[in-house]
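Student: Going line by line, the protein sequences match chains P and A. So that you can map any letter, position 420 of the first sequence is 420 in this note's numbering, and since no number is skipped, the others follow by simple counting. So that you can map any letter, position 138 of the second sequence is 138 in this note's numbering, and since no number is skipped, the others follow by simple counting.
Treat the hints loosely; a few may be bogus.
With a straight-line Cα cutoff of 30 angstroms, these simulated DSSO-like cross-link-like pairs (lysine-lysine) come out [said to hold, decoys possible]:
1) A:K265 with A:K161
2) P:K440 with A:K161
3) P:K440 with A:K428
Some residues of chain P that are not near chain A, with every Cβ distance over 10 angstroms (derived) [claimed, not checked]:
4) E149
5) E224
6) Q344
7) L421
Since the hints were made in silico from the structure, they are not lab data. Ideal Cβ positions, reconstructed from N, Cα and C, are used throughout, including at glycine.
Listed below, chain by chain, are the residues.
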Amino acid sequence: MTRMRAVLASLMLLSPVFAAAADDPVTTFVLDNGMQVVVVEDHRAPVVQHMLWYRAGSADEPKGASGVAHFLEHLLFKATDTLEAGEFSAVVAANGGNDNAFTSYDYTAYYQRIAAERLELMMGMESDRMRNIRLTLANIGTERDVIIEERNQRTENSASALFSEQMRAVQYHNHRYGVPVIGWMHEMETLDIEDALSFYEIYYSPNNAILVVSGDVTPEGVKELAEKYYGVIPANPNLPERLRTEEPPQTAERRVIFRDARVAQPYVSRSYLAQERDSGSQEDAAALTLLAEILGGGTTSYLTEKLQFDTQVAVYSSVYYRGTSLDDTTFNMIVVPAPGVTLQDAEDAMDAAVASFMTDGVDADQLARLKKQLRAQQIYARDNVDGIAQRYGSALTTGLTVADVQAWPDILQAVTAEDILAAAKNVITPETSVTGWLVKEEEQTQ
Amino acid sequence: MRFFTVLFAALIAALPAQAEVKIQEVVSPGGITAWLVEEPSIPFMALELRFRGGGSLDRTGKRGALNLMTGLLEEGAGELDSRGFARALEDLAASFGYDLGDDALSISAKFLTENRDEAVALLRSSIIDPSFSASDIERVRGQVMTGLRSDTTDPDDIAGKAFNAMAFGGHPYATSLSGTMDSVAALTRADLVVAHGDIFAKDRLYVGAVGDITPTELGVLLDQLLGELPETGGPQPKDAEVMIEGGVTVIEFETPQSVALFGHKGIGLDDPDYFPANVLNQVLGGGSFESRLMNEVREKRGLTYGVSSFLLPRDHAATYQGHVASANDRIGEAIAVIRDEWEKASDQGVTPDELRDAKTYITGAYPLRFDGNGPIARIMVGMQMIGLPIDYIATRNDKVDAVTLDDVKRVAGELLDADGLHFVVVGKPEGLTTGPLPE
Numbered sequence: 001m002t003r004m005r006a007v008l009a010s011l012m013l014l015s016p017v018f019a020a021a022a023d024d025p026v027t028t029f030v031l032d033n034g035m036q037v038v039v040v041e042d043h044r045a046p047v048v049q050h051m052l053w054y055r056a057g058s059a060d061e062p063k064g065a066s067g068v069a070h071f072l073e074h075l076l077f078k079a080t081d082t083l084e085a086g087e088f089s090a091v092v093a094a095n096g097g098n099d100n101a102f103t104s105y106d107y108t109a110y111y112q113r114i115a116a117e118r119l120e121l122m123m124g125m126e127s128d129r130m131r132n133i134r135l136t137l138a139n140i141g142t143e144r145d146v147i148i149e150e151r152n153q154r155t156e157n158s159a160s161a162l163f164s165e166q167m168r169a170v171q172y173h174n175h176r177y178g179v180p181v182i183g184w185m186h187e188m189e190t191l192d193i194e195d196a197l198s199f200y201e202i203y204y205s206p207n208n209a210i211l212v213v214s215g216d217v218t219p220e221g222v223k224e225l226a227e228k229y230y231g232v233i234p235a236n237p238n239l240p241e242r243l244r245t246e247e248p249p250q251t252a253e254r255r256v257i258f259r260d261a262r263v264a265q266p267y268v269s270r271s272y273l274a275q276e277r278d279s280g281s282q283e284d285a286a287a288l289t290l291l292a293e294i295l296g297g298g299t300t301s302y303l304t305e306k307l308q309f310d311t312q313v314a315v316y317s318s319v320y321y322r323g324t325s326l327d328d329t330t331f332n333m334i335v336v337p338a339p340g341v342t343l344q345d346a347e348d349a350m351d352a353a354v355a356s357f358m359t360d361g362v363d364a365d366q367l368a369r370l371k372k373q374l375r376a377q378q379i380y381a382r383d384n385v386d387g388i389a390q391r392y393g394s395a396l397t398t399g400l401t402v403a404d405v406q407a408w409p410d411i412l413q414a415v416t417a418e419d420i421l422a423a424a425k426n427v428i429t430p431e432t433s434v435t436g437w438l439v440k441e442e443e444q445t446q
Numbered sequence: 001m002r003f004f005t006v007l008f009a010a011l012i013a014a015l016p017a018q019a020e021v022k023i024q025e026v027v028s029p030g031g032i033t034a035w036l037v038e039e040p041s042i043p044f045m046a047l048e049l050r051f052r053g054g055g056s057l058d059r060t061g062k063r064g065a066l067n068l069m070t071g072l073l074e075e076g077a078g079e080l081d082s083r084g085f086a087r088a089l090e091d092l093a094a095s096f097g098y099d100l101g102d103d104a105l106s107i108s109a110k111f112l113t114e115n116r117d118e119a120v121a122l123l124r125s126s127i128i129d130p131s132f133s134a135s136d137i138e139r140v141r142g143q144v145m146t147g148l149r150s151d152t153t154d155p156d157d158i159a160g161k162a163f164n165a166m167a168f169g170g171h172p173y174a175t176s177l178s179g180t181m182d183s184v185a186a187l188t189r190a191d192l193v194v195a196h197g198d199i200f201a202k203d204r205l206y207v208g209a210v211g212d213i214t215p216t217e218l219g220v221l222l223d224q225l226l227g228e229l230p231e232t233g234g235p236q237p238k239d240a241e242v243m244i245e246g247g248v249t250v251i252e253f254e255t256p257q258s259v260a261l262f263g264h265k266g267i268g269l270d271d272p273d274y275f276p277a278n279v280l281n282q283v284l285g286g287g288s289f290e291s292r293l294m295n296e297v298r299e300k301r302g303l304t305y306g307v308s309s310f311l312l313p314r315d316h317a318a319t320y321q322g323h324v325a326s327a328n329d330r331i332g333e334a335i336a337v338i339r340d341e342w343e344k345a346s347d348q349g350v351t352p353d354e355l356r357d358a359k360t361y362i363t364g365a366y367p368l369r370f371d372g373n374g375p376i377a378r379i380m381v382g383m384q385m386i387g388l389p390i391d392y393i394a395t396r397n398d399k400v401d402a403v404t405l406d407d408v409k410r411v412a413g414e415l416l417d418a419d420g421l422h423f424v425v426v427g428k429p430e431g432l433t434t435g436p437l438p439e
């Protein structure tokens with residue numbers, strides 16, 4: 001680590017545009033066309049991960065074209081002016097690398113892991129497909145079949161995936177987070193070349209992208225290559241401001257009952273609309289992050305204690321919250337009842353446990369242990385720079401800044417027991433909640 | 001196009017990047033052997049322990065005992081009850097993972113330098129002195145049963161169970177190491193104690209360590225952690241014969257997309273032809289987007305989101321398997337295309353370009369695996385378990401490069417048997433029925 005810090009220090013003298021955090025092997029800068037670059041150094045192995053993130057996800061799709069962000073992600077592996085369909089991945093593989101891409105509500109990202117000296121080749125190809133894809137009707141037809149099979153595999157074949165999709169659809173009245181990333185089947189079937197190209201033209205430009213390179217690279221080396229390949233692409237002056245339809249006040253408690261013959265293990269799921277991490281104001285999200293851990297993060301959590309140890313109502317319970325989101329996110333609980341326990345009993349026990357947590361408050365020892373673990377995670381994280389890259393990419397595409405990412409560990413450490421209880425009172429409100437039961441559909445006897 | 005071709009050619013010459021991993025063999029004062037990579041730059045270490053035999057050590061009639069026992073290792077040990085153990089682990093900011101496979105029980109631990117001794121003491125208690133208290137047994141048994149119940153409606157799980165039952169006869173590989181609802185319900189504490197004694201012994205132990213620790217410190221650590229283990233454990237299973245024959249088994253299941261698991265006999269890791277077989281598989285269905293199967297079934301026809309083939313060389317049997325999922329009205333076509341590709345590769349092997357690309361991929365991707373202390377520790381333990389020499393990493397790519405077109409063609413002819421493939425299809429596949437492969 002000392003060696004890396006020394007390298008960074010000398011760099012900062014050299015070039016004031018580089019900004020690095022004290023404990024992070026991270027350097028960031030912005031190209032003249034507005035493209036942001038993050039470099040995460042680890043020189044232990046001659047390997048690099050090259051990721052390009054776009055601030056464009058399924059929640060940015062136009063109405064009626066759900067799934068187009070993800071469809072376009074698939075189509076970026078087809079032809080460009082200089083590459084044939086499939087050649088991108090073939091070249092990566094023939095150079096000993098792996099590549100793939102992923103789409104979420106707020107971002108689409110493309111990445112390759114490869115020997116460090118292949119970085120230039122990756123940038124050449126990735127910058128090429130930022131502007132130059134060439135789609136044919138044949139590509140569109142077969143690839144649409146592929147995403148439909150992907151939806152079959154991920155969602156249609158899984159009762160619990162269909163159930164969560166319904167839960168989200170009911171959670172959001174007016175925001176695109178209620179629409180699945182992969183798309184609704186009936187809309188996916190109608191996606192065409194114009195849908196894909198129009199999304200591409202609007203969102204795929206350097207001023208809407210973030211380059212994150214991690215591994216055996218230097219910030220100067222990455223900067224030189226990034227200027228050569230991405231720096232020459234003009235910014236899109238018509239990039240729209242990222243405004244989405246917002247949620248009205250949520251005033252009605254909702255219930256979802258999903259029945260499917262394939263359900264072998266029924267369970268109760270609960271979600272609440274929740275505050276996300278906002279730039280410059282991440283304190284509420286930090287409190288919710290710790291609340292989720294304390295309430296349902298594992299063997300020592302409050303819910304597990306009440307539902308699996310003090311009583312044997314559940315075989316499994318969990319609470320989770322992901323604050324990295326551009327707009328309002330959700331705070332979720334799940335309880336899998338023990339044999340003989342009804343879903344109603346499981347739900348009642350969950351609510352009773354949450355109510356008693358509000359009275360008992362936060363266990364000081366548990367909070368101290370949690371903070372200790374969070375500090376240690378910063379040490380462990382240095383063993384996985386690709387994970388650091390992932391955190392920057394997802395944060396910078398969801399409205400956060402480099403400063404927000406770097407402040408986050410300290411903000412988590414500053415959260416008090418009172419903050420956590422206040423966050424709990426704020427988020428756990430029936431009128432913003434959806435309660436779901438996943439139920440086995442009993443077969444009809446003839 | 002020209003720009004990329006030129007750059008591409010120039011770069012090919014520079015391959016492959018070498019993974020620089022300096023492995024030392026450490027023998028503790030008490031005689032326990034470990035492979036170590038010293039990596040002092042981050043103040044923690046990863047420790048990987050593996051005990052050969054895994055779930056296949058289950059005694060007759062006690063299927064699932066090793067699995068339930070493994071699930072209880074972190075549920076209380078020594079003076080600590082389940083929650084006490086979890087709190088102690090949190091307090092150390094360490095992580096211990098316990099995982100059971102068909103061939104080994106793996107323990108993956110990660111702990112900070114600043115509290116290494118305490119972490120090792122806690123890990124030791126979970127291995128040497130687990131409590132197996134009655135209430136913990138019932139709680140974990142309930143979790144195992146929940147998993148078993150969910151498996152009964154998971155198409156992939158249904159397919160896997162059927163394939164293994166046909167392939168492995170009376171061998172433990174024929175059934176799930178999780179056991180059945182009946183076998184798990186019948187397990188007693190005494191069964192768990194037997195399972196514990198069967199697996200935790202020095203004669204089946206392999207150790208890899210990577211991180212902020214010296215060889216001398218590691219020697220002391222090993223004796224503290226594992227010195228009390230008995231010398232020998234339960235009997236290892238015998239080799240299994242792969243008995244599955246060509247054909248189709250349809251398992252009716254109400255779901256929109258059929259899942260197919262297919263395969264036949266494979267090739268062992270100790271077989272001199274393993275490297276050509278690996279290159280062959282890379283071309284046929286091992287590579288992600290550029291394999292023949294992906295190209296024919298997904299890229300050209302859009303019949304699936306994913307199709308793959310994989311060599312599965314286990315300690316006691318080797319199979320060559322594949323997986324595909326397609327809508328019920330399209331799975332028949334997907335299967336026909338896969339069989340054609342199997343046949344074509346069996347007859348003709350691969351092309352020179354495919355051989356070159358596969359070799360470049362396999363050699364170039366090798367260093368990508370060494371991406372962190374934990375992964376390196378796991379690779380080292382895997383090497384020891386299959387008897388590879390300590391300098392293997394430096395020579396492995398030469399073995400890949402030595403594979404010739406003729407090698408691949410010969411091995412393809414011997415290994416691939418389009419008529420011997422058995423497809424287990426779970427769903428409502430149109431036009432497919434249980435019986436011989438369609439003409």
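Student: Now, for every hint given, state plainly whether the structure supports it.
Tutor: Hints and how they fare:
1. A:K265 with A:K161: Given pair K265 (chain A), K161 (chain A) holds - Cα atoms ~17 angstroms apart, limit 30 angstroms.
2. P:K440 with A:K161: holds (23 angstroms)
3. P:K440 with A:K428: holds (20 angstroms)
4. E149: violated (4 angstroms)
5. E224: It holds; E224 (chain P) is separated from chain A by about 16 angstroms at its closest Cβ, greater than 10 angstroms.
6. Q344: holds (19 angstroms)
7. L421: holds (20 angstroms)
Going down the numbered hints, you'll see the structure goes against just number 4.
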